[in-house]
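So the sequence lines, in the order shown, correspond to chains X and G. Quick note on our numbering: the first sequence kicks off at 1 and runs consecutively. Quick note on our numbering: the second sequence kicks off at 1 and runs consecutively.
Source of the hints: derived by calculation from the structure; they are not laboratory data. You can trust all of the hints, since none of them are fake.
For chains that are exact copies, the list does not tell them apart, and a pair is met inside one copy or across any two.
Computed list of lysine to any residue pairs in SDA-like fashion (alpha-carbon distance at most 20 Å, straight line):
1. Lys268 <-> Ala63
2. Lys235 <-> Pro212
3. Lys268 <-> Asn281
4. Lys268 <-> Gly58
5. Lys235 <-> Met277
6. Lys268 <-> Ala282
7. Lys235 <-> Ala64
Number of protein chains: 2
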Amino acid sequence: MSGTVNRQIILAELPKGKLRAHDFKMREASIPQARDGEVLLRVRLVSLDAANRAWMQGETYRAATKAGSVMDAFGIAEVVESKAAGFSRGDLVLTMTGWQDYLALPAGHLAKVERIDPLTHLLSVYGIAGRTAYSGLLSIGQPKEGETVVVSAAAGSVGMYVGQIAKLKGCRAIGIAGSREKCDWLVNELGFDAAINYREADLSGTLKAAAPAGIDIYFDNVGGTILDTCLAQMKLYGRIICCGAVSSYDGDVPDRGLRGAPMQIVIKRLMVRGFIMSDFNAERDRAITDLKAWVQAGRIKVTEDVWDGLETLPAALVGLLAGENRGKRMVRVS
Amino acid sequence: MSGTVNRQIILAELPKGKLRAHDFKMREASIPQARDGEVLLRVRLVSLDAANRAWMQGETYRAATKAGSVMDAFGIAEVVESKAAGFSRGDLVLTMTGWQDYLALPAGHLAKVERIDPLTHLLSVYGIAGRTAYSGLLSIGQPKEGETVVVSAAAGSVGMYVGQIAKLKGCRAIGIAGSREKCDWLVNELGFDAAINYREADLSGTLKAAAPAGIDIYFDNVGGTILDTCLAQMKLYGRIICCGAVSSYDGDVPDRGLRGAPMQIVIKRLMVRGFIMSDFNAERDRAITDLKAWVQAGRIKVTEDVWDGLETLPAALVGLLAGENRGKRMVRVS
Numbered sequence: 001m002s003g004t005v006n007r008q009i010i011l012a013e014l015p016k017g018k019l020r021a022h023d024f025k026m027r028e029a030s031i032p033q034a035r036d037g038e039v040l041l042r043v044r045l046v047s048l049d050a051a052n053r054a055w056m057q058g059e060t061y062r063a064a065t066k067a068g069s070v071m072d073a074f075g076i077a078e079v080v081e082s083k084a085a086g087f088s089r090g091d092l093v094l095t096m097t098g099w100q101d102y103l104a105l106p107a108g109h110l111a112k113v114e115r116i117d118p119l120t121h122l123l124s125v126y127g128i129a130g131r132t133a134y135s136g137l138l139s140i141g142q143p144k145e146g147e148t149v150v151v152s153a154a155a156g157s158v159g160m161y162v163g164q165i166a167k168l169k170g171c172r173a174i175g176i177a178g179s180r181e182k183c184d185w186l187v188n189e190l191g192f193d194a195a196i197n198y199r200e201a202d203l204s205g206t207l208k209a210a211a212p213a214g215i216d217i218y219f220d221n222v223g224g225t226i227l228d229t230c231l232a233q234m235k236l237y238g239r240i241i242c243c244g245a246v247s248s249y250d251g252d253v254p255d256r257g258l259r260g261a262p263m264q265i266v267i268k269r270l271m272v273r274g275f276i277m278s279d280f281n282a283e284r285d286r287a288i289t290d291l292k293a294w295v296q297a298g299r300i301k302v303t304e305d306v307w308d309g310l311e312t313l314p315a316a317l318v319g320l321l322a323g324e325n326r327g328k329r330m331v332r333v334s
Numbered sequence: 001m002s003g004t005v006n007r008q009i010i011l012a013e014l015p016k017g018k019l020r021a022h023d024f025k026m027r028e029a030s031i032p033q034a035r036d037g038e039v040l041l042r043v044r045l046v047s048l049d050a051a052n053r054a055w056m057q058g059e060t061y062r063a064a065t066k067a068g069s070v071m072d073a074f075g076i077a078e079v080v081e082s083k084a085a086g087f088s089r090g091d092l093v094l095t096m097t098g099w100q101d102y103l104a105l106p107a108g109h110l111a112k113v114e115r116i117d118p119l120t121h122l123l124s125v126y127g128i129a130g131r132t133a134y135s136g137l138l139s140i141g142q143p144k145e146g147e148t149v150v151v152s153a154a155a156g157s158v159g160m161y162v163g164q165i166a167k168l169k170g171c172r173a174i175g176i177a178g179s180r181e182k183c184d185w186l187v188n189e190l191g192f193d194a195a196i197n198y199r200e201a202d203l204s205g206t207l208k209a210a211a212p213a214g215i216d217i218y219f220d221n222v223g224g225t226i227l228d229t230c231l232a233q234m235k236l237y238g239r240i241i242c243c244g245a246v247s248s249y250d251g252d253v254p255d256r257g258l259r260g261a262p263m264q265i266v267i268k269r270l271m272v273r274g275f276i277m278s279d280f281n282a283e284r285d286r287a288i289t290d291l292k293a294w295v296q297a298g299r300i301k302v303t304e305d306v307w308d309g310l311e312t313l314p315a316a317l318v319g320l321l322a323g324e325n326r327g328k329r330m331v332r333v334s
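Please take these sequences and the hints and turn them into a complete structure.
Laid out in structure tokens, this is it:
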């Protein structure tokens with residue numbers, strides 16, 4: 001083991017309103033011991049996800065993150081000591097690592113992941129981000145060639161793959177993002193057909209101009225008024241894929257999405273469906289095989305936003321919630 | 001022909017706020033002539049539907065109903081004169097008859113319906129109401145034995161069949177209706193497991209008591225706050241079937257349903273889907289075969305609310321929108 005202490009970042013208090021970096025505190029603990037059947041893990045990479053903030057609001061698809069405990073997060077960790085059959089030093093696992101250097105876990109529920117280069121791809125295109133885009137768009141959205149796909153938070157970890165996969169499937173891809181630079185990048189680098197800066201544009205009018213016949217599939221990462229605007233422009237038999245509602249995570253603002261929804265949903269016979277990636281674990285292998293083939297053929301570009309050092313995690317999360325990142329944000333811990 | 005004039009009821013003015021009977025005016029016109037390829041139809045039964053009011057608000061799944069024209073409606077009509085191949089005097093058709101005694105239509109798009117006794121069943125259990133309940137609940141909702149199904153406007157034309165079909169499929173059926181009498185009828189006559197009078201009860205608390213483990217399927221006929229309340233009590237992988245939003249039809253009240261929806265939809269991975277009956281025309285024969293078998297075996301009870309006389313149509317529609325009816329409301333014109 002390379003360290004002698006276990007640095008841990010605690011959520012000191014549940015945030016009221018917007019999350020701030022000083023809602024977190026660093027503490028030093030001793031490195032835990034692996035007991036029989038357990039492995040001692042050293043955290044390598046921590047995933048930053050908008051959902052981390054939603055976990056502070058209460059129980060979601062997992063128990064709430066509580067004040068006074070180590071901040072919850074997914075990550076990649078490496079086995080540094082094994083007292084469990086089937087696990088050896090150097091094995092990599094994807095698990096809830098939390099914001100800390102070390103943790104000991106029972107091996108029973110751990111799944112090994114292959115060591116690839118770069119390792120960061122396990123958290124981006126071959127991880128939650130890429131697989132969420134893949135299963136949400138393809139299995140729920142069922143896109144057909146020539147259809148129009150709109151995605152919000154389009155420059156984010158999931159959105160950037162949604163648009164690229166839509167293009168691969170012969171669809172027209174329109175991104176909604178929060179800056180001109182992101183929009184230029186979506187169109188010029190990633191091949192989106194159009195991108196709209198919702199902070200500047202009249203979203204409704206610009207969207208109508210970009211998709212005059214309406215939207216077949218809207219992949220929603222944000223909820224709120226952007227969802228309302230897209231809802232109003234859905235085509236008959238359109239599909240809305242609900243992946244997240246980041247507009248309502250950071251603060252007490254009520255979630256305003258889907259105003260007027262029942263009438264629109266009936267009249268246009270829309271399908272609105274929520275999901276999280278693990279609902280599609282059965283298609284994991286196919287997703288990763290396809291994503292790898294597309295990446296290796298240069299048909300999908302991968303962009304990551306990798307920070308260094310456990311101590312950067314609070315600022316990295318606060319910035320993510322403000323929309324700073326382009327592609328998947330993560331922190332390299334070791 | 002038994003009459004010499006064609007009475008027609010005109011929507012004199014588009015309603016502002018609640019529809020009133022005097023928004024309509026009766027006029028007398030001459031009986032139209034059937035031209036080559038056309039049939040002259042005498043209207044027998046006119047269907048009253050909450051959607052009739054929504055048509056006045058603008059384009060929906062059909063063109064808007066306009067001021068100054070004969071009020072639009074579905075109905076059953078009988079051929080009294082045919083100048084079209086394949087149609088003879090006495091044939092029955094289901095079509096947009098409007099609120100009038102006679103109309104002439106090109107036969108090209110008309111579909112004959114069989115003459116059954118009572119004829120009214122063609123507009124209730126074997127018509128739009130029964131088939132909407134059947135296809136919405138079974139094809140969209142995919143109920144499994146032991147699941148909990150909640151339906152609003154449960155004593156209405158569609159809702160009363162939704163609950164009965166749910167029971168047939170081994171589900172627990174809970175109805176939401178607008179009076180104690182309707183609730184008693186749902187439980188004591190139709191076999192619902194529970195019924196809640198939303199005008200008296202604390203809906204949220206009563207629903208929680210009736211379905212402590214939550215709702216698997218919510219069949220929504222009303223939108224608005226009832227939809228919001230049910231949304232909050234959906235179970236993981238629950239399904240919301242959007243059939244109508246009657247709470248928003250009669251007036252200018254904004255449609256408030258699905259507040260907070262994006263978070264709920266993602267966390268619980270809900271599927272929300274809108275439809276109208278004609279989306280399921282491909283399964284019409286199966287639906288009618290099943291419904292007939294269930295009615296004949298006494299497993300589904302049929303209740304209808306039949307008024308007499310074309311002149312009663314305005315009051316019949318206004319009353320329907322106020323929730324007066326129990327079962328399918330229709331007007332016998334001839």
